[in-house]
Amino acid sequence: MKSIKKTVLALIVPFGIIVAWYLAVKYGHTPEGILPSMEKVWKAFKTNIENGQLTNDVLVSLSRVVKGYFVAAILGIVAGSVIGMSKTAKDLFLPIITVIRQIPIIAWIPLIILWCGIGEESKVVIIVLAAFFPILVNTENGIEKTPEGMLEVARLYKLNPWKTFIKVYLPHALPHMLVGLRLGLGVAWMAVVASELIAASSGIGYRMSDARSLMMADVVIVCMLVVGIIGVVMDKLIGVIFGMFTPWEKLKKA
Amino acid sequence: MGETIKGQQNDQKKKTNMIKVDQECFMKGNDYIINVEHLHKQFLVDKKPMDVLSDINLSIKRGEFITIVGHSGCGKSTLLKIMCGLVDYEDGIVERNGHAVVGPGPKCGMVFQDHRLLPWLKIKDNVGFGLSALPKKEREESVRKHLEMVGLKGFENSYPAQLSGGMSQRAAIARGLANNPTILLLDEPFGALDALTRIQMQKEILRIQKEQSTTMVMVTHDIDEAIVLGNRIVVMSARPGKIMDIIKVSEAGRERNSEEFGRYKKKIYDYLFSEENNEMTYKDVSSDIDEIQKKKKNAS
Ligand SMILES: Nc1ncnc2c1ncn2[C@@H]1O[C@H](COP(=O)(O)OP(=O)(O)O)[C@@H](O)[C@H]1O
Ligand SMILES: [Mg+2]
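Residue numbers (my numbering), protein chains in the order written: chain V, 1 to 254; chain E, 1 to 300.
Treat the hints with care, since some could be wrong.
[Unchecked claim] No farther apart than 27 angstroms at their CA atoms in a straight line, the calculated lysine-lysine pairs in the DSSO-like style are these:
#	chain 1	residue 1	chain 2	residue 2
1	E	K248	E	K61
2	E	K267	E	K248
3	E	K248	V	K250
4	V	K163	E	K145
5	E	K136	E	K124
6	V	K158	E	K122
7	V	K145	E	K248
8	E	K107	V	K163
The set of hints was computed from the structure by calculation and includes no laboratory data.
Use the sequences and the hints to build the structure in full.
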């Protein structure tokens, strides 16, 4: 019963938007190039799927995300672990990291274009930059919060530093790390779209900016919906996959 | 951790101790598996040194069962940790097997006050945590044997979160026993157990101690338990922890309903509550120091 109520409540606002949209098109006399009708958006979706363009754009963007995210994950986990375990490393890096994090990712794009051009690298670099910080900060947090008592157990059984990391620090940090990886994937997806909007010749973001210049609001809306849906799907997917890595976490809440 | 106060001096002291130690061992015929002399321990609290242990002298014979009682905060846990090499000390001699303690060793096990199982490991992996050097088969065999010993057969694949507090504590005891230590230090191991299980575990631990002639040192807040289990009972004063007395328990005195048992009990109560025993006698209070302290608080 509760879940039915939840679903109904979740659908009320989207339904309201659809109704408002419908009414605005029917009675608002807005030009097609500004607010297209729902049928027009649906048609644009169908044509773009059929001619393969949309799928292609999405794949280009996703492949950029995969590359950048992979690098960010490795860098973020390694850096977060080091900073989490070493007080010196923490005092050395964390203050500056905190400052750099305040710069929105969009604000990096001009500089990165200057440095890396508008090719593939600049997009990947932007994604790395976007995903790196949430992964780093959460990993660091999880490592640092490892209870002294558990480390004492590792010392009692004379685990060497590497074993201590693998058997105590890492599993303790894993749930936090996964939160960071999940947040990181979200911002990576947003960052790729943003960077493609500003400077690119392919990808879903580029398609949007291209359609805007052609006054094709229907295609813009299709792309936006696709971006949103892919974001949600990726988030849910990674949540489920990561849940399988930490079976003990579920028990805690029960 | 920032607990060492005179780092370098200590190292030197320990080195000279080591030479002393060897002579002493020779003199004592190496009877003592643990030897603590003139141990002092301070912790830095708000950058100020605070005395936690003061002039501790305690020699423990191979196969002996020592129990330690004292008010909470008097440094019992710290003493155990120093004995097993987890905590550094400033002053004095601490030896295991005739060697100055410089760190944990495989032959000295410890069961912590809180069970300290690792939440991400199944019970069998927690119990086998210290056994990674063994071949898989032997490890599994040891885990199986010790889980059975503490009555946790069938919980091999559970996670700690699925166990009750008492079961977790038993799993921790199994972990402490799994690598067959010659010394086992137990820090209030039965505190989380109900009265029945506790008595069962007391019998079990005595059996294990006899069977494997393990030397055991157990901190407890249950005076009855201290008498039932200990060959000798170490009574400690409030902070800074000093040893007030070491009471030798006769075999007959370990029987709960013997007259001697009552005498030991009175003696320990007198030591621990000498200041306020005009209003409380040992007969009308329960055997639990913690409970007495609670009553004290409520009364005031
Ligand atoms: N790592 C530490 N740093 C500072 N103070 C500590 C530390 N560990 C214990 N203490 C202090 O030392 C005293 C003795 O602690 P503990 O040995 O745990 O007592 P007990 O086990 O007898 O209750 C307490 O006052 C406690 O607060
Ligand atoms: Mg204690």
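Hints, verified against the model:
Using a Cα cut-off of 27 angstroms, the hinted pair E/K248 and E/K61 holds, with the two alpha carbons roughly 13 angstroms apart. A hinted pair counts as satisfied when its Cα atoms are at most 27 angstroms apart, and E/K267 with E/K248 qualifies at roughly 12 angstroms. Only pairs whose Cα atoms come within 27 angstroms are accepted, and E/K248 paired with V/K250 is rejected, the gap being roughly 50 angstroms. Between V/K163 and E/K145 the CA atoms are separated by roughly 26 angstroms; this keeps the pair inside 27 angstroms, and the hint holds.
As the CA atoms of E/K136 and E/K124 are separated by approximately 12 angstroms, the hinted pair is consistent with the 27 angstroms bound. Distance restraint check for V/K158 and E/K122: the Cα-Cα separation of roughly 20 angstroms lies within the 27 angstroms cut-off, and the hinted pair is therefore satisfied. For the suggested pair V/K145 and E/K248, the alpha carbons sit about 44 angstroms apart, so the restraint of at most 27 angstroms is broken. Our distance criterion of 27 angstroms between C-alpha atoms is met by E/K107 and V/K163, whose separation comes to about 20 angstroms.
Hint compliance for this structure: hints 3, 7 are broken, all remaining hints hold.
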